[in-house]
Structure formats: structure tokens, C-alpha cells
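Asker: Given the sequences, and given the hints that come with them, work out the whole structure.
Protein sequences appear in the order of chains X and G. For the record, in the first sequence the residue sitting at position 126 is 126 according to full-length UniProt numbering, with numbers rising by one throughout. For the record, in the second sequence the residue sitting at position 37 is 37 according to full-length UniProt numbering, with numbers rising by one throughout.
Please note that a few of the clues may not be correct.
Given that identical chains are not distinguished, each listed pair holds provided it fits within a single copy or across any two copies.
Here are the simulated lysine-lysine pairs, DSS-like style, with alpha carbons at most 27 angstroms apart [what the hints assert, rightly or not]:
#	residue 1	residue 2
1	K30	K394
2	K215	K132
3	K148	K97
4	K30	K160
5	K160	K272
6	K160	K315
7	K132	K101
8	K317	K236
These are computed hints drawn from the structure, not numbers from a lab.
Protein chains: 2
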Amino acid sequence: MRRLYALFLLASSILSPLKIYCQSDEDMLKSIFNETLTNGRSYEMLDYLSNEIGGRLSGSPEAAAAVEWSRQEMMSLGFDTVFLQEVMVPHWVRGEKEVVKVINSDRLGTFDLTACALGNSVGTGDLGVVAKIIEVDGIESLRKLGRKNVEGKIVFFNRKMDPTHISTFAAYGGAVDQRVFGASEAADLGALAVVVRSMASNNDDIPHTGTLIYKEGVKKIPALAISTNSANLLSKSLKAEPDLELYIESHCQMLPDVLSYNVIGEIRGSSKQGEYIIVGGHLDSWDLGDGAHDDGAGCVQSIEALRVLQSIGYKPKHSIRAVMFMNEENGLRGGLKYAELAKKNQEKHLAAIESDRGGFTPKGFTLVGSEAAKAQLLNWRPLFETYGIYDFGKPGGGADIGPLEEQGTVLIGFLPDSQRYFNLHHTTADTFDTIDKRELELGAASMAALVYLIDKYGIDGKN
Amino acid sequence: MRRLYALFLLASSILSPLKIYCQSDEDMLKSIFNETLTNGRSYEMLDYLSNEIGGRLSGSPEAAAAVEWSRQEMMSLGFDTVFLQEVMVPHWVRGEKEVVKVINSDRLGTFDLTACALGNSVGTGDLGVVAKIIEVDGIESLRKLGRKNVEGKIVFFNRKMDPTHISTFAAYGGAVDQRVFGASEAADLGALAVVVRSMASNNDDIPHTGTLIYKEGVKKIPALAISTNSANLLSKSLKAEPDLELYIESHCQMLPDVLSYNVIGEIRGSSKQGEYIIVGGHLDSWDLGDGAHDDGAGCVQSIEALRVLQSIGYKPKHSIRAVMFMNEENGLRGGLKYAELAKKNQEKHLAAIESDRGGFTPKGFTLVGSEAAKAQLLNWRPLFETYGIYDFGKPGGGADIGPLEEQGTVLIGFLPDSQRYFNLHHTTADTFDTIDKRELELGAASMAALVYLIDKYGIDGKN
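Answerer: Here you go:
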């Protein structure tokens, strides 16, 4: 009896890899989703990354901890290789809590606005900045006002995210130029500082940070975000009292670059080892929350995608990698370095999937690639409809994988539901308690499923 | 100049209703979604219902407040008629906080389990119940054990919701028989009481209440839910120590029926006044949370659907109603009364839409109706895809509208994303702070859009 059982075990061990390859795509996707929903590790991983390590801006000790954590995590999962890529990253620090207050209102006296410095901004120093305020609804309006109306003032950018866009990312895209370029545009006209309405879908008291880019040759002036409630209050107050003055104080500064790393876990391909399919997220986050959605979710989903395929016994033809990119938020150095090394090492990257839109219920995948690639992605859609995933092929990739485009890599963006994202994006509210375990897992499973399909059928990167 | 302007105004007022009728369906849906996302009232209404009134179980003072609130709210919106339908409802009260504890563990001593009485359950009285525990994974296993193993014990139903179902409602449907029928099945075999694993997708310390139904002629025994963490702990403990005893104490009771009401707001049809399209939710909720998702959301979305159509100047051909059903949770008396009166008053109900699956991002609509009705619903799907809404025509209606089926009414269930719902369903965690404004509004807009399409094109109720 024992001998029979041993024979049975032997037969199983020989046949089970075969079984995987005899399965239909429908059955494979079912295995992937079942494994993720039953034995998923992504939620537990994200708990550690969010609650034990927390916010992890590039160059911080927490970012270093996140590098070591993800390296150990992928080692412990038994991937074939785990390795680091060196990358020098900017090191911006926020310093003491920012102050923004209206100081001369006859109606309300002195009152505070909730605020935070924008990433990469210079600080005001201890003495702060005091000036009159000029409100504008964007860069174009600012330019029309010209130097005579702007010089010596604090510019208040107050264009809202348009609520009628169904994708909140479209609404974000329509407003974020104020945050990214507003400071230099205002400085060009002699402004002393800028405050920007937070890039938020909702009205509340939470300011949203995010990166700004200073234009070369233009004076760097302090830039802060104020919460949407504060922006509404300030705008209303300015209508009643146009001569209001603002006091702003911030202590942020840019320190010298720091050595950091992309962290990469790899399962080697069986027949096409030198060709890669990657899934990734960015390991750095802003300092204010714990970066659970942006982009802890994308990191753990990427690791989980590899774990699930490994766990159900799937042996990929191509080499597949989970890539934790460093410094997406305020520099993109990790994404640039990854593409640079891929080129240098002559690694052919077939497709790159990025998850960086939060850990919410999956809706589909976006694409930057050839018409053939798009047709193929759309062709796979019926397989995903069973899982409530319907939205395929709209244009879009991801910031970190973007630099791979010129190497002919098909770029794919994971597209989760976007409605809640810009309530918490880049804020103290981006915390683990807003993550739903099943939503996170369904995203990881859909990413694993897409890796499987690309590995099996390939995808045409040529235009 | 002023005269010209007056002429312009006059022309506008004549032409604007025409304009609405010259719009394409695409434009009408855009108007509906834009109005809801820009000037929506549903979030504000739900804030009041949840935070000012709170939990509102049938027969409670809070349920009476909810009736009066929704009547006033719909009056203030200027609907053509707002009226009440009398309905006698059960009046179950929870009484003092329940106690469930293991009292004789050698390993852990005495320890508490987090618990709540099931709705409609009898209480244990002050002395509680003490007995050994028999764990089963469902009613079938219980029956197999037979009287000799069950008599004098407390039955512990511990079958989980299956995490591999993508719709959490399917997982709920696969487990909820334990909660609804477990008590009478156990009593039939001489059990003293039952504790049931909470109907929850996640593991936490929050017990989920919900209705039970006692079988006629069988002794009514106390029934409580314990949280999933408590169920896991109890199950593990029983493996180590099978002779554990449980002490349970609950003070719930069923009081005499109380007069309550369905609340109905109506916009009268222009050409088919005697034919109705209704949208509804249930006004009652369990007592533990504030009933924001279950089903405050459905109520305010229904009111909002009418408000939006009215606000953009749409004049329906059919009469349309927002119906706040009373007593869905533990009796369905309101839904039964509504259908009874519709029949008696010879009101032809073309279609009934119910929102009772939470206020999350809309995914589509389910249907109970003819093949022609299904084909028509699927035909409208492309109009909704722009709004991320893809899932049409799966079978399903709603509890409150169910009794209308025999009158030939097409039943339609609003289908939002289901992943988070069974973390909070029937618990203290079903609170307004878990509502996302945009998600709620997108649901209301999709319901308004469907009412518009049904009003314009009709829908075939015959099989």
C-alpha cells in the first residue's frame, strides 16, 4: 500500500507540470484567481510595508528599509534571482510642519489654511514670506495678468479637478500643470511664492503634496498645496477682501543625491531566458501617509503575480520579473536607470506592466504599443470579463516603464477603479486601512493572468 | 436692449424643453451624469439619514424619523406628489449587549467571543444558556449528526463564504442558509441555541447580524452571530479541547407589530400617467451601524434619480416614482404591501429598479424579465460603457421589488462593485464615512439614465 502511494506521488509529480500545460486559458485564469483569493500574500506584504516601514520618500532611511524588505521578501519566496540596481536619487526633506495663514482679514481676523510643501520645493526659511495674494485659475490666466499684477505677490492657483470626468485621472491630468509648473511660471513674473489648490476629487481639510519641476534659469520660489476646503475658503475670502495677505513658512530643502536601488525579483524563462516580461510598481512614496495605495499596492501586486504563477506550477518561457522601481515620485531615476541597463545589457523587453493607480478593484489594462498589440489585448478581454474586468486598450502605460518604450517594449498600465484615489493620493490619508484585501488581490491576479497570456502567446511590439 | 433680452429669455424658455427632446441618448446620459457629479444631492442626503437619524430598524423611533425625513426631503424637491403607504411591521429589539464566552478552556481559561444576536431571534433571558458546542459546516452535516450528537448542545455553524467567488453576493448566497435556517434545523434535533459564523468576506472582530426565519411548529431557540476571528478561534480551540462549553446571553425580543410606512415620491407622466417606472431602496436598516450602505445609499440614489431628471428639464411620458420601502431587513412587509396596492389600484408597473447592494462604483444592472427585456437592456449597454459600466443582464432583481414580478413588471437590480460590501454588511461598520461621494453619485446617475431609457423606449415585460 505504501509502495502504491509512493508510485502515485511519483506519477503526480511528473504529471502535474504537464497538467498545467494541458489547461485551457479559462482554467489557467481560474487557477490564478483562486490561488490569489485563497492563499494570497499581497495584503500581508502590504501591511508590513505600510505599517512597519511607512512613508518612504527617496533618500530616506525608510526607503532603504523598503529596499531591504522587498529584497528579503522576494528571496524568501524562492524566486530564481533577486538583485539590486544602483541608482542615485534626489533627497528632498520636508522639515518642520508648514504654516499658511491669512493675517489681515477684517472679517475673520487671522486664520490658518491647511497646507503642505510641494515635493522638491525650496523652503521659505524661518522668517517665512508675507505678501498679497493674486488668485488665478491656471497658468494661462497668470500669463495674461502679466508682471505688473503678479510681481511681489503670492500666486494662488485655484482651478479645480473637473468632476464631470469619469476617470479621476483625466481630471487630475487637466489640473496638475498648476502644481508641476506653476511655481516657475509665477517666478518668471516676479511672484514671491505660490500656493496651489490640492489635486483632490473631494472637499476636505487634507492637503495633497506631489512633485513640482523648477524651470532652469528661473528663480526657485517656495510652493505649497492647500487643502480644497482651505482653497474654497481663501477664494471666498478674497472676493470679500481682495487685499488679504498670506503668511507662509516652510522648511523643506533638497539635500545631495543619495545611493539607492531598484529591487528586482526574477523567475528565469525555460526557453526564452533572454526575453523579459516585467511587472512593477514604485517602492518610494511620499512622506505624508504610509504609501499603501501609492504605490505599495503596485509593489506587492507585482511580487504576488510572480508568486502565484510559481505557486500553481507555471513555468514561463520568457524570464519574468517583478520590479520595484525607486524614485518615481520626485525624479523617475529608477525607471530611467532600469531602461538604461536593459539597453546596455541587451535584454529584450517584450512587455512591461505597471500598477501605479492604487489598489482598488481592477477594471482593465491600458496600452502603449502597436495596433497588433492592442488587437491582441482586446482579444484577451473575454477571458477577463468573468472577473468583472472589461476596460481594455485605452491609451496609457506608466511613468516607470515609460523609458522602455523606445526599445520597442509594449507598455501596459493596470487600470483599477479610480473614484476614491484622488481623495487620498499624496496625503496623510493614503494608509493601509483604506486597502481592501479582495480588491488588492483581484488586481494582483489580473496582472498574473496577463503575464501568463503574454508569456504563452507573445505580444507584437512593432508598429 | 432690455426688451431684446426679455425676448431672448422667452425664446429660451420655450425652446429649452424642445432642446431636451432633440438630444441624442449619448447627450442625455452626459447631461444626467454631469448634473449628478456637479450638483448632486445624494451625498448630503445620505449624511443626514446616516449621521442625524442613524440605524433605523423597523418599528423603531429612528425608522419613524426616516419616514418623515424622506417625505419632507421629496416634498422640498418639488416632486408632483409625495405620499405614504401604511404597512404594519415587526418590531424586534436587541436589548442589552450580548455575551458569548468559552468558560472552561484549560489552555485559555475563560474568553469572550465578539457576538450579536441575529435579527428576529428570541433571547436567552438573564440566566443565559450554558452547553457544550458541536461544530458543523452546514445544515446537511448537522442532519447527518442526528439528534444523539446535537441534543442539549449549542450548534456552531462555521462554513465560510467561499473567497473564490468573484461576486461576494454569490459567496454570501452560498453560506447564508446557516444564518436563516440554522436555528430551526438545530432546534429540530434538540439543540439549545446556535452561534453562526458571520457572513463576512474578511477576518475581523466585527459580528454581522441579519435575519433568521423560525420554522413553524419548531421551538424558537436563541441564535447569535460571532465574528469571523471569533469563529476561527473557537474552531481552533475545539480541535484542541472538544469538550469546551459556551455561555451565551442575549436580551432580544419580538414586540407587537407597529404601524409604519412606505414613502413614495412621484413625477407624473405626460402621456402615460397610469403606467409606472419605479426606482427604490429600503428605508429600514439594522440597528448596529447607521445603514449608510444598506440601504441608505439605495434610498438617496432613488430620490436623486428623480431629482436629476427633473433638474435637467426632462418630462417623462410614464409616471416615475422613488419608493422608500419599509422593512426589507426582517419581514419585507413594505415590498409586499407595495405590490398589493399596485394590483388593487390597477397601476401598471412597467419596470422596477432596486438599489440594495451598497453605494459603491456602478458595474451594471441585473434583470428578471423576458428575453426581449434582456435584449433591450443589453442593447443599451454601449451607452453606459463610457461611464465604466459594462455588466448587463445577469439574473437578479431585488427583494423589495420581487413581489411585482407576478404583475409582469420587469425587475432590474442595480449592480455596484461588491468587494467591500460584506466587510460591513449588517454591522457597526456600515457607516457614512465608508461612502465615497463620487461612487454614490455615479450609481444615482446610472439609475437615472436607465429610467430615462425605459421611459423613452419602453421595455417588454411579456415572456
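Asker: A separate judgement is required for each hint: does it hold in the structure or not?
Answerer: Hint-by-hint comparison with the structure:
Both within a single protomer and between protomers do K30 and K394 lie at most 27 angstroms apart by alpha-carbon distance, with minima of 25 angstroms and 20 angstroms respectively. Taking identical chains as interchangeable, the C-alpha atoms of K215 and K132 lie at most 27 angstroms apart only when both belong to the same chain, with a minimum of 24 angstroms there against 75 angstroms between chains. Neither within a single protomer nor between protomers do K148 and K97 lie at most 27 angstroms apart by alpha-carbon distance, with minima of 32 angstroms and 69 angstroms respectively. Taking CA atoms no more than 27 angstroms apart as the test, K30 paired with K160 passes between copies only; the shortest distance there is 20 angstroms, against 42 angstroms inside one copy.
In this assembly of identical chains, the alpha carbons of K160 and K272 never lie at most 27 angstroms apart, being 49 angstroms within a copy and 42 angstroms across copies at closest. Taking CA atoms no more than 27 angstroms apart as the test, K160 paired with K315 passes in neither setting, with 49 angstroms inside one copy and 32 angstroms between copies. For the homomeric pair K132 and K101, the shortest alpha-carbon distance inside one copy (12 angstroms) is at most 27 angstroms, but the shortest distance between copies (65 angstroms) is not. Taking the closest pair of Cα atoms, K317 and K236 never come within 27 angstroms of each other, the shortest separation being 61 angstroms inside a single copy and 42 angstroms across copies.
Going through the hint list in order, the structure does not satisfy hints 3, 5, 6 and 8.
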